[in-house]
Structures are given as C-alpha cells and as structure tokens.
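**Student:** In order, the protein sequences belong to chains E and P. Okay, so the first sequence: first residue is 20 according to our numbering, each after it adds one. Okay, so the second sequence: first residue is 20 according to our numbering, each after it adds one.
Hints are computed from structural coordinates only; laboratory data are not their basis. Hints are not guaranteed to be accurate.
Copies of one chain are not kept apart here, so a pair can be met inside one copy or by any two copies together.
Stated by the list, open to error - Below, computed lysine-lysine pairings styled on BS3-like, alpha-carbon distance capped at 27 Å:
hint, residue 1, residue 2
1, 527, 624
2, 614, 624
3, 422, 189
4, 189, 429
Protein chains: 2
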Amino acid sequence: MARDKSVVVGHRSLVVGRSKKDQRLTDDQRLTTDDQRPTTISPRRVVIDALVPEIDGGRFPIKRTVGDRVEVVATVFADGHDLLNVVLRDRRTTYNAEPAEHAEQVFSASSASSALYVDAGWRETPMTLAAPGTDRFVAGFAVDALGWHEYQVIGWVDVFRSWRRDLEIKAAAGQDVSLELLEGSMIVRDAARRNAAGTEPATGGRESDWLLTQADALSDSTPIGDRLAVARADSLDAAMAARADRGAATASEIRRVWVDRARARFGAWYEMFPRSAGSAADRSGTFAEAARHLPSIAALGFDVVYLPPIHPIGTSFRKGRDNSLVAGPGDPGSPWAIGSRAGGHTAIDPALGTIDDFHAFQDEAVRAGLEIALDLAWQCSPDHPWVREHPEWFRHRPDGTIKYAENPPKRYQDIYPFDFESDDWPALWRALLDVALFWIGHGVRIFRVDNPHTKTFGFWQWFIDEIHLRHPDVIFLSEAFTRPAPMLYLAKAGFTQSYTYFTWRTTKAELTEYFTELTSTDVREYLRPNLFANTPDILHAFLQHGGRPAFETRLLLAATLGASYGIYSGFELCEGEAVPGTEEYAHSEKYEYRKRDWDRPGHIKPLIARVNAIRRAHTALQHDWSLRFHETDNPQIIAYSKTGGGERLLMVINLDPHHMQHGHVRADIDSTYPYTVHDLLDDVRYGWHGDWNYVRLDPGVRQGHILRLPPVSSNLEV
Amino acid sequence: MARDKSVVVGHRSLVVGRSKKDQRLTDDQRLTTDDQRPTTISPRRVVIDALVPEIDGGRFPIKRTVGDRVEVVATVFADGHDLLNVVLRDRRTTYNAEPAEHAEQVFSASSASSALYVDAGWRETPMTLAAPGTDRFVAGFAVDALGWHEYQVIGWVDVFRSWRRDLEIKAAAGQDVSLELLEGSMIVRDAARRNAAGTEPATGGRESDWLLTQADALSDSTPIGDRLAVARADSLDAAMAARADRGAATASEIRRVWVDRARARFGAWYEMFPRSAGSAADRSGTFAEAARHLPSIAALGFDVVYLPPIHPIGTSFRKGRDNSLVAGPGDPGSPWAIGSRAGGHTAIDPALGTIDDFHAFQDEAVRAGLEIALDLAWQCSPDHPWVREHPEWFRHRPDGTIKYAENPPKRYQDIYPFDFESDDWPALWRALLDVALFWIGHGVRIFRVDNPHTKTFGFWQWFIDEIHLRHPDVIFLSEAFTRPAPMLYLAKAGFTQSYTYFTWRTTKAELTEYFTELTSTDVREYLRPNLFANTPDILHAFLQHGGRPAFETRLLLAATLGASYGIYSGFELCEGEAVPGTEEYAHSEKYEYRKRDWDRPGHIKPLIARVNAIRRAHTALQHDWSLRFHETDNPQIIAYSKTGGGERLLMVINLDPHHMQHGHVRADIDSTYPYTVHDLLDDVRYGWHGDWNYVRLDPGVRQGHILRLPPVSSNLEV
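Please put together the full structure from these sequences, using the hints given.
**Tutor:** Structure, rendered in structure tokens:
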C-alpha cells in the first residue's frame, strides 16, 4: 500500500491517506510554507480532535514499560449524523540503519538516508464511544517490546451501517423502503469491488461473489420483509466491515511511545561509595571489598546499586574533609572532580581497581541479583586529560585559564564544566556519547546523570536518543534539583526517571498535593519519579531531628509512594548528623572515606527488608498511577492506596516521629459487614467495619501500616 | 536580514533563527520526514515551552477584535543560571496577491506562488517574569488592524547582564574581580563589532566607538572601583541591550491571531422576517414595508438586523402552516427551501422586491444606524436552478431522484442538501464562495450560517478563510445546535460567533457552569457566544409558561451575560405560544406570514431599550472575559459581575418568573463603610454595606438589577 502522504485540512490538523478525490491536489499546489494558511483542501468529513495522551501537541513522546497499556482517547465526529468507524492503530518501529552511520549523518553534510525505520505493520483496535454525546472514542493497546512504538487514530464514515440504521428506522415507521434497499444494494456492490484492504480493485474471490449475491438479493423483487432480513444479517455486516471504504478516512498525526524495560518503572535503589568499603578508614576501599557488601544489599531487597563516579579524581584544588578548600594528605577528594593523570571518564580510579576488578564486581552483583548503575557527570577536574587534549571544549578566561564551575559567590575550582556551545561542540558531544557507549560496552545499563540542568537541554535529547537507538534497555535517571520547568522538560526530553522534590515534602498537605500532581496529571505520561529518601547532598532536617522513627516514616513513604525509590547508604543506620543549619552530612562521604559499622544498633534493616519484600510480592506497589489519597482526621496521619494485581493496599503512616498519633482513616469501602485488613508489615490482622476506622501509630512500635484491604467485587486492575 | 529558517531541536519544539553555529547543519542533514526523531541538532541553550494562548498546539488561531490585547505567557529557561532576555514579537501580516488568483491556485495544478504574505515587520515587547521560580514570562500586545496577526516568543542568554550580575556578587563578597572585568571588556568589545540588529559585521558608528572606549575602560589599569562604575553605568547597559547577540536565540513557533472588527464581539441582534412586515396577513411584506420597521428596531437599541433567507422559495413539497406537509394556496413556505424559477441563492424572492429594493432597505438601515445580516443556507429546494444545472452537486437515488434532507424517520422533502464530497466538489465549493461574494458585493458584511454542522467541516475552514482574504470585516455566525465537539470545532475553524446552549440553560447552576466554561477556559480564545434568547426554532418552555417576567429574566440574562446577544421578533411582545409539548412556535413564522401588533400591551420594549442603552454606555458589558459569578443565598437569584472601563457592574436576576424572590448577594467588596450601588435599569440607588447585601425582586416590579458598584482602588480594566 502506498505510504500515506500528508494532505492537510486546516492548519495541520488532519493527516489523511491518499484518496482518489485528493489527486486533484498535488504537492505543487501546496502554498509556500511562509504561508500558514491551509496548504491543501480536502472534502474529508471526519474530524479527529483532542487526541490523548499527547505531550505538548505531540512534540514529545509518552513513556511506558514493556507490558503496559496505552489508553487512547480522541474526539471524532463528522458533519450530519452518519455512523463512524474509529480505529486505533499501533505499531512497533524498528531501527533499520547502522547506528554509527546515523550519528555521523547528524553531523556531516551528507544526504540523509531514507527509511531509517521500518514498520512492523499496523495493528488495529476498534475504538468505542466513551459516553453518549461526547464524541470521545476510547481504546487501548499494550506495548510488548522495548523501543519506539507509534499510535494513530483513523476515522471514516461507515456508509453501510449508517444506511442500515436509517433503513431500520424508516421500516419501523412504516415508510416505503424500496429505494433504500436499492441504495443498500449499490453500497454492497461497491464493497464487492473493493478488496479486503478497502481499496480498489478487488482481487475477486468467494467473498466478493457472495457480496454480489447479497446485493442482488437486496434489490430483487422478493417481499420487503425478506430483503430486510438480508440487510440485517450478521454475515453481511461482518463482510461489509471487512471491506470498509477507507479511501476517505481521516487520520490523526502519529504519536510516539518510548517503551522501557520494567526496571525503568519499578525498583529499589541503593547508593554506595565503593571507596568506603575498605577495612581501614584512611584508605580507599577496592571493588573487591565493595563486592563483599553486595550480598547484604541484596538481602535487604534492593535491585539497583548506584555508584557515584568511579573515575580517577583530580588533585588540583581537591576538596578536603567537610568541603574544605584544601585537601589534607590522605583526603580522597570529591568523586565528581573527574580526571587525573590516571585517566578521565573512561578510566577507573586506580585505588578502586582495574577494569577487571570492575567486571568482577559486576559479576558479584549479577550473582546477588543486583544491577549496577554508574554516574555520568559531564565535567572535568583541572587534571583531566581532556583539559590538555581538548582545550576548546572548555570556556577560557582572559588570563588563559579555564573557567571553573561557579555559582557566585561560590567557586568550585575542582570542577571545569564543558562548553556545550563551543565551536567544536559536535566533537565534544560525540566524545560524551562515546563515554557512555564505553561503559555500556562494559555491561552497564543504568546511568544516574549528575545535574543535567546545567548542560544544554538539546544535548540530552540527542544523547539519550542516540543511546537508545543502540541500547533501548538503558535507563537514565535525571538528578535535576532545580525549578519545575527545567526539571519537567528533562523528563519530556527523554530521561527515564527523575529525582523529585520528595525529600522536601514532609507534611501531609505537601505530600498529597505533590504526589497527586505526579500521578494524576499528564506529568505521569513522561516523568517517572525515583524517590530517594536521602542523597549525599541532602539530609533533610526531618531526618536530622526525628531519630529512628523519622527514618522509618520516610522509608515507608518513599517505598510505597514510589514504584521506584532509593536510599543512600547510611540511611539504614539512621545516620542523621548534619553540618548544623544545612542539609549537608557531617563528615560527608563526598570528601572522605566513611567506614561504617553496618550492624550498629538502632538500624532499620529489618523494616527495609520487609518493605522491599512486600513491594516485590504485590503488583500494586510496582506502579504509581493508581495512587489515591484517603481522608484521615489527623493531619499527622497520611493515608493512601494503590491498586493492582487484583488487590488494594492502603498505606497509613504517622508523619510525627516523636509522638503517638491516632485517629481515623477513610477506607473508601462501602460495606455493612465487618471485614479484615491485613498489615503486611507485621502480619497482624485488624477487624474493620464500614468506611472510617481507627488507627494508632506509636513511634518505636510501628510507624505505619501497609494494609491489604479485602477484595471488592469490581475489577481492581490498574 | 535573511529570513529565519527552521532549525529544529527535538521534535519540532523550537524554531530558531540561523546562526553561525548552525551552518554545519544544512537542510541536507535533515533526516527523512518519515523519521520523527529530531531532524537537526543544535546547541541552543534556551528552551521555550508551554506558550499560551495556543489552540490545539497551534493548529487553530485565536480570535480578537480591533483594539484588544493579547497577553502571552511562555515558560522560558536555559541550563545553568544565566539571565535571559525574553521578547514577545508580533506583527500584522498583509495579503499580497490577487485573491482571485489565490483561489484558483488551490484548485488548479499550477505552482503555488511564493510570498503570499508580506510582513509588516516585527514589533517587540520585553517579557517579564510572572512570579519568581516559575520561569513563566508574560507580556502583551494590542492588535490594531483587521486580519491576520502573528506572535512569537524569542529568548536568548543575556551575556552582558549575567556577567554584570556575577561581577556584583563577587565584588560584594570581596573577591578579586580583575579577571571578570577583563571578561566583561571582551563581551563589550564583541558587542561593538555587532550592529544594532545584533548581527555582524557592525556598520561602525559613534555607538560602536563609544562601546570600544568602555571596553578599554573595563580592562585598563585604573582602580577596580572606577572600573566597577563603568560596568554599572546605565548607559553601558542600554547600549549593550541594543546590541544583544541574538545569533543563538531560540524562537517559538509562530502563532496566529485573527482580528475582527468590534461588532464581532459586541452587538445587539434582532431577527425579523421581512415578509411579515406587510399590511395584510395574507400576502408577503416587501422590503419597502420592512424598511419602515427599521427605525423602531433602532430605537430599541439594536445594532444588527438579521434576516432569514431572502431568496425565492421552492414550490415542490412546500411546507404549509405549522409545518404541515402540504402547503395551502397562500402559504409562503419555509425561507430555507431556497430556489425557484425566479432564481436561487443570488436572487431575491420577487414578493420581497428587487435588488434595488434591497439596496433601499439597506440604505434605511444605514440611516437608522443598523447593519443587515443575511442567512447563508447551503441547500436547495427541488426547484432551485442548480438542481437542473448541476445535478452532480447533489446525491442521487437509484430511481434518479435527488436525495432530500432527512433525519430518519423525519423527511424534509422541500430541501435538497449538497453533496460536499461529490466528484465535482471544487466547482460546488467555488459556487458557494461566489454566492457569498455576490452578497458581499451588494454591501452585506454579516452572515448567519444555517446548520454548518451538517456540511463538511473542511469546507467551512476554507470558505471563511477565502472570504476573509478579501473582506476581513465579514462576520460569520454559526448556528450549530449540535454536540459540543462539532460546535466548538466550527468556532476553531473560523466562525466569528456561535449560537450556544444558552436557551437551555435556565437554572442558576446550569448558567453558572456553562458561562464559566465559556468565559474562563480557553474556549473563549476562539468561540464568541451570541446569546439569542429565542429563535424561530426555539421557544423554550421557560418562556412558554413564565409570562412576561420570564421574558424579562431571559432578556436580562442574554443582554448582560453576552456582549453579543439577540432576540427573534415577537420576543419583545412576549409571544409565548408554542405547539404543545414542543419548542416550536404555534403558527410559526417559518411557514406563514405573521402580522403583529407591535404595540400590543404587555410588551417589554422599554426594558429592552433601557438595557441596550446601558450596554452601549458601559464598556464592561461589551466584553465577556471579566464575567465572575457571585454567591447568593437563594438558588432562584443569580448574580454575576463584569468589569471594564473602570467600572464593575453587578447583575442580580430573579430566575423565578412567578414569585417574589429575595435573599442576599455577595458583592465581593471588602469595606467597613457603607456604600451606594446604583441600579442603572431604573436609576435607583441603594445603600449597601459590607460584602453580603439584601435584594428583593418582584416579578412585575423588577426582575433584576444592573448595579454599578462603587469604584475600587485597584485597576478594574479587563
């Protein structure tokens, strides 16, 4: 079938297939693109409007993970009152060219190749009216493979069914329908001449012949009643549906879905510094030593181990302990000050080991059922080889020095940011791509990206796209603690997951408002939250002053509000000492080796293990979209549910780490009979009845519940 | 300056001007348009997102009238923390080719001409941050001429001001800023080399030289304090602003505004059948007789007189009185059954007169300060000349007859609808365009369009566009009583005004919900309501059973909720007799001459005159967007305000035509002192105090108030 060409009605509102009627209007007739008036005219009757999901008019794709559904709704109507057929089409698109060629094309002056994508062929799903009078049609499809997927809505007038409906009305009103039957006969005859793709000429065949006999039967001289029976036959209806004339169909613009693997949506993350895994506090740990920690991390139920940068660290302007300007003799410096004589972004800090040591570390991770995530930090220490090799990739000062990072009056003299706008930007961008490809080549498939909002946004969209071209299974986590607009934009532009404002949302009102926005608005179509409860940069006051119960509260919130969540090591030990008046850890691991007693009393490891086990066993916690907040009569008690896998889980959490809090929770259960709820955390069952029920949460006893509510008769699938 | 070419970052998200950096990427490098991946890459730093107003991602223009403002908001940000300049550009676009040629091009195979539009040149307005941390920039512009207008947002990094801000911070922190001053010197030097358009090379001149001296002053060896003074000088700031480097600017897509004349927004409409203006009930009135009514219509304060179709009426299957299937000997038939031997859409019913009589009627209208609106009804009676001359423009039945209009089981055998999809559709469309142009040639500039939702939507968009090309002052009123989606779509597609669901919104809740939607959502950007209180097809039960007070209530509602509103003649006489159980008038004027006693007691003409006078004298009622509903404690009392011209008017209306209703209205006035409100309807003043105040409305005494509230200190401009 000829590839659809765009024929635009109005200002790019409708993209339609080619039909005989449109042949009168060729590309020559398109007005200049200076002219934004309709470029061609068409008598297409069907209008497709307001298609969702759609991000910024289709500028950005939505995201899903393998196995998810996409529910599409569109407003579809035509003039008059004919019946419409509306169909949702979807297809996987597979990349067809050598990725290396492709990246080159972007930068070279050579002609673009054609047909970079091949279609897998459209799959079709009929759309049904959501509610009478709304013109809103709905249908869905499941995405079953990584990578790009497309969807589109097609609508056309169902001439046969419109005719048949009117025939019935007239017959019921006692009107003479002999002409109508003749008209129907002509409609059926036309269909017989079309082939099953709805185009002419027909390939003939048995079905064509059969239709012709039906056409004859409609127009012969048998009694009207007999002919009405012919018209009403299901077999005729089915045959006509298969040969619908789509020649005048209207098609929406094609919309895209980027499909990730399941880990993109669901996972428990653990951040650790391998260099702190050593047996002595004054030297770096090695990958071998860090590998010995992996089984216990796995035993806690984590899925991903995220490592800050593992590269050589610069010595010039190296930061000392607690971010002091001058490093002491044994101070390791910040891992984000990347590069030394030992190498740059594709090298490993010799103190950690070699590339083989890294592979062994990865092997241990695989054995433990963990996946390793690395940190991409696009910046250099003054000692990075690129500073010498590619000075043009940096901004220079009049005195010849390179401009270090700063946020006046703060100076970060251990960091040189790249100049993404430099005249040599294509080579720089290509080099950064190659760094990522290097680590992917060494088996890494997850990257946490450091401060992407301080690098050109266009770079990220290109970069992520290029990686995904080759490796659609790669996950990118955006660490962009910045204003909402750039934070959201990075997610639109391709980041698989994003850190959020979660750490600063501590009250019931804040959490309710923020997570309603994240899970109930169209932000959810492109931004996947990863709720880290702490990071090496963020130790919130709530944790500083709340003691162990505060850590329990924040752990429960993160792990149940977020299908993806994380902690930075030390959280399980309730490490809460900060530099006073700040959110910085005292003796921050960013600037020194931090040797810990992993069994120090007061830890919350059993709780973490229990929560992670519950997450793995209950589908409801592996998605975010079903999140609903429930009323409580105590502002210190927050309650929310998630639904999935035939279950509904209700989380009830005490936001006060210091005091017992009690009150009532509204379960949204309409029941006259008592029922049992099962707290999955401590395997206790409670007898509840009706909608509002009493809860009591004592810090030190339990900081929250994860209650499995009884099954309801309705389908609880997400 | 070279015309901006599109360089796309991401999926058509940013359209940017050409810069040196982008030269590496030529059109050759664009990937195939099959491939929806980014077509070119650019290191542009600024992102422009979420521009409003915008209809359907820019597919449709917004509407304004001459003198209106367009307030534009956009989310603009870049990586890092540099300061941005964001500018709103707008320009008028003027059509540059012969319209006749243009219409031909659409249908012919000839090449499209270029440069159909000339630019009037961009006007620029700086945008300011709406609120800190939001990245939302706002600015506005006024549209001052009919026709197309465009707007666009441009953003670029303000290198100089970013530098100067950081300089101040560092100087205040006591840091050594000598390198910074050198850098600033280089920035200024670069600017000196650019000309005032922000491009290189400079044309030299005094300002260039002066900048060079400033650059020198920044980098010489005078004390830092002196050099800081140079950096801070307003004169330097202004000169640098004038020479901003826009080479790397990001531009949004261009959005369009269609600007109508004021009557498109504001006017009181009166619908009359000229054929009923005769002195005898059994014959048609003439234009001359109808003209004698115009002064009294004008005296009532109306602006537009709308006439149902004035063309010859078919005789075949002519409808008789009260829509009977067979017309009696003297029955005139429905004016919408257009066409007879006497002519079609460009002819006048001989019973009304000749084209000269029509001109005389128009002259009388002009003298009375009225404008005439005609009815465009795209359909034919069986006797219309086109039925014989262009059978291909209609659908045919197997027996050779033409398919008449129907909505099964209803049949309208006096009406043949056009086949907008016929193989000869371009000629049909062109003929309909010519009909409109014919009447425009005879001085008509307003058309009410009959049932546009039963004609192909693409036709309307083309048709209105073609007319506006030649006559931007033409107003089109859409009479599409249909489901919301097509109704709204017709407004998007170009209709100047639209009938609404107003006639069926009679309760406080219904009116509040509906008019909030119409005036507070983005529907208002493209749909202008015209609130007809009755039509020849719609006599609502509220008017049938409510008596005179019901007419007063609906008149007050229509005329104050809507900057544009209308009545169909007879309303002023409180004609409320319907065919029982329907909304059809008894003895409908659609099917017979209806001679009226225009002074029949019980009329509400003084009220109408008073309300129309108030509308003309108070700007607040000439716009819809400031509409706000006010609380009342009686569900039968509705209250709402409009603001404009420095005033706020509060309408309080009794929705019960049968009973006195009283209660309290919330004025939204925060005042400890008593104040006076002035009822403009009957020139009575009331003493009010505080927020809630008592009202009492007795049917027969007053059905509502139009209260002018006291001025407040804040700016009440719309």
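**Student:** Would you list, in rising numerical order, the hints stated earlier that this structure does not obey?
**Tutor:** No hint contradicted; all consistent.
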